Structure formats: structure tokens, C-alpha cells
Amino acid sequence: MPLYSETFGCRPANDDSRPTLVFLHGLLGSGRDWRHVVDRLSRSHFCLTIDLPGHGQSSMVSPEGFESVNRQITETLEHRHVGAYVLIGYSMGARLAMYHACHQVPVSDSERNSHAELVGLIVEGGHLGLPESERAARLENDQRWARRFAAEPLADVLDKWYQQPVFSSLNHDQRQGLVKKRSDNLGAGIARMLLATSLARQPELKQQVAQLALPVLYLCGENDNKFKSLAEDSGLEINIIPSAGHNVHVELPHEFGMAVTHFLDRLE
Numbered sequence: 038m039p040l041y042s043e044t045f046g047c048r049p050a051n052d053d054s055r056p057t058l059v060f061l062h063g064l065l066g067s068g069r070d071w072r073h074v075v076d077r078l079s080r081s082h083f084c085l086t087i088d089l090p091g092h093g094q095s096s097m098v099s100p101e102g103f104e105s106v107n108r109q110i111t112e113t114l115e116h117r118h119v120g121a122y123v124l125i126g127y128s129m130g131a132r133l134a135m136y137h138a139c140h141q142v143p144v145s146d147s148e149r150n151s152h153a154e155l156v157g158l159i160v161e162g163g164h165l166g167l168p169e170s171e172r173a174a175r176l177e178n179d180q181r182w183a184r185r186f187a188a189e190p191l192a193d194v195l196d197k198w199y200q201q202p203v204f205s206s207l208n209h210d211q212r213q214g215l216v217k218k219r220s221d222n223l224g225a226g227i228a229r230m231l232l233a234t235s236l237a238r239q240p241e242l243k244q245q246v247a248q249l250a251l252p253v254l255y256l257c258g259e260n261d262n263k264f265k266s267l268a269e270d271s272g273l274e275i276n277i278i279p280s281a282g283h284n285v286h287v288e289l290p291h292e293f294g295m296a297v298t299h300f301l302d303r304l305e
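Heads up: the sequence shown begins at 38 in our numbering, then just goes up one per residue.
Hint data in this document are derived by calculation from the structure and do not stem from the laboratory. Note that this is a predicted model, so its numbers are computed, not measured. C-beta: ideal position from N, C-alpha, C; glycine also. Among the clues, some could well be false.
Unchecked claim - Listed next, the in silico SDA-like pairs over lysine to any residue satisfying Cα-Cα at most 20 Å (straight line): (1) 263 to 204; (2) 197 to 182; (3) 265 to 250.
As the list claims (entries may be wrong) - FRET-style restraints, in silico, Cβ to Cβ: (4) 54 to 115: 13 to 23 Å; (5) 115 to 208: 36 to 46 Å; (6) 94 to 200: 23 to 33 Å; (7) 177 to 298: 34 to 44 Å; (8) 170 to 247: 20 to 30 Å; (9) 250 to 270: 19 to 29 Å; (10) 221 to 102: 17 to 27 Å; (11) 220 to 97: 11 to 21 Å; (12) 101 to 139: 11 to 21 Å; (13) 302 to 173: 39 to 49 Å; (14) 245 to 280: 45 to 55 Å; (15) 190 to 210: 16 to 26 Å; (16) 214 to 252: 32 to 42 Å; (17) 140 to 252: 15 to 25 Å.
I would like the entire structure built from these sequences, with the hints used as guidance.
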């Protein structure tokens, strides 16, 4: 079943020269998180935002794992009659975007006009996978958080969630703003998605992503020390956005949009 999605911009008649931009949000988010970026990019490109399982208007959709979510993304693209597209993902959405890119079925020349075809990938703050030796500890950590999301008042859990080191670039007011913004989520849905797409269950994608036969860009914030280090170790093309933390597209949507535009200019 397709996931909830929204389209922005208009596609000129008979113009298939520009790819659709498809956006995947992070844990606790929704397609609305991309609104400031989409406001800019939809002037030149058709844009599609997707609410992932357990989130936004897809909050009642139950995820089963990476492959099931990947199928749901593919079904959504088909439902929206997407042709050529660039996939842009943040954090959890970036990990799903990489998984999707690495599990594409090749499209023949005769099928190009009737099938979705991935032509570019932009990863924002996405982890390429853990070694086997670190997965048990990560799964235990995610299970702890999932139990809290499912059982405790969401605002209380979020207050602790945004104190994790990955969010260290946020100040007090920014943290409180995120707690308020994310408190309309359903804790049980977030818990299911957290476990289904746990980093502990993600295959290591570093080698596969590096071997993709399409352009890939890794975007991260200058102050996002953990993911900046991961990006530098990835071997991918990197764009580090000055003065930004982990969530560049929300903190600095103009700069994020410019980075995407430069990527698209080269692609086209």
C-alpha cells in the first residue's frame, strides 16, 4: 500500500528533463519537515514528500523492516507516476534512501518512460551501517528507547531524546521547540519504526553506496562532529554546511537548498 505523500510545484507539459525530488524525513518527523526547502526547490523541480510508516499521515502504517519500508516507498513512487527522481533523505530517512538505492532493479531502455528511475542520491546525516560487533549494543539501546516511546508521556521521552550527543549543537530553546513540535506523534508508532529500522538491523552499505552507478552527495553540518567524521570516512562526495548541526535542512534551509541546487545543476 502506498504511503501518504504530497506533491509540490507543477511539471511543465511534455517536460521530463528534470527529475522529481523525493524527500524522506527522519525519526519523529514527517514530510512537513521539508517545507522550507521544498518552497525553494519546487520553483524549478517537481517535489514529492513522503510520510514514512508510524509518522505523520502514515502513523497507522506498521513497518516490518527495511525491505518492507523499501517496498512501500517504491509503491508510493509508482502510485504517483514518478519517472526519473533524485532521492533526498535525512537521518533515518537517509538510511532508508541508501538502502533503497542499493536495492534497485535495473531499468531497461524500453521501460524508462513507465518506471521510476533513481538518477541521484543525497544523504543528510545518514549512517552507512555498523560492524557486526557493535549491533547488539545498538539494538539494546534502541529497544530501551522504544519501550519508553511506547509507555511514557511523549513530551518526557522527547526531552531526554534531544539531550543525546548527536543533538549537542541545539541550544535550550531549540530543544524545547523540537519537544513541542514532535509531541503530536503517536509514541507506539514511533517505537515500532525505531525497532523496524534500527541501525542494528541495517546492513553495512558503505561499499554498496560507493559503487552506485549514479551521483551521490553526502551533506552534513559543520558542528555535527559524529556524522562529519562518518562522512569523511565514507569516500563519498561531501558538502559540509558551515554553522549547522545534525539537521541542516531545518536549521539552514536556504543553504541546504543551494547545496541541492548545485548537485542538480551538475546532474542535468
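Hint check:
1. 263 to 204: holds (10 Å)
2. 197 to 182: The hint holds at about 10 Å.
3. 265 to 250: violated (24 Å)
4. 54 to 115: 13 to 23 Å: Since the Cβ atoms of residue 54 and residue 115 sit about 21 Å apart, the hinted range of 13 to 23 Å holds.
5. 115 to 208: 36 to 46 Å: Since the Cβ atoms of residue 115 and residue 208 sit about 42 Å apart, the hinted range of 36 to 46 Å holds.
6. 94 to 200: 23 to 33 Å: Hint holds: Cβ distance 29 Å, inside 23 to 33 Å.
7. 177 to 298: 34 to 44 Å: holds (41 Å)
8. 170 to 247: 20 to 30 Å: holds (22 Å)
9. 250 to 270: 19 to 29 Å: holds (22 Å)
10. 221 to 102: 17 to 27 Å: holds (26 Å)
11. 220 to 97: 11 to 21 Å: holds (18 Å)
12. 101 to 139: 11 to 21 Å: About 19 Å separates the Cβ atoms of residue 101 and residue 139, which means 11 to 21 Å holds.
13. 302 to 173: 39 to 49 Å: holds (44 Å)
14. 245 to 280: 45 to 55 Å: violated (32 Å)
15. 190 to 210: 16 to 26 Å: Once the Cβ atoms are compared, 21 Å apart, the range 16 to 26 Å for residue 210 and residue 190 holds.
16. 214 to 252: 32 to 42 Å: At 34 Å between Cβs, range holds.
17. 140 to 252: 15 to 25 Å: Holds: the Cβ-Cβ distance is about 18 Å, inside 15 to 25 Å.
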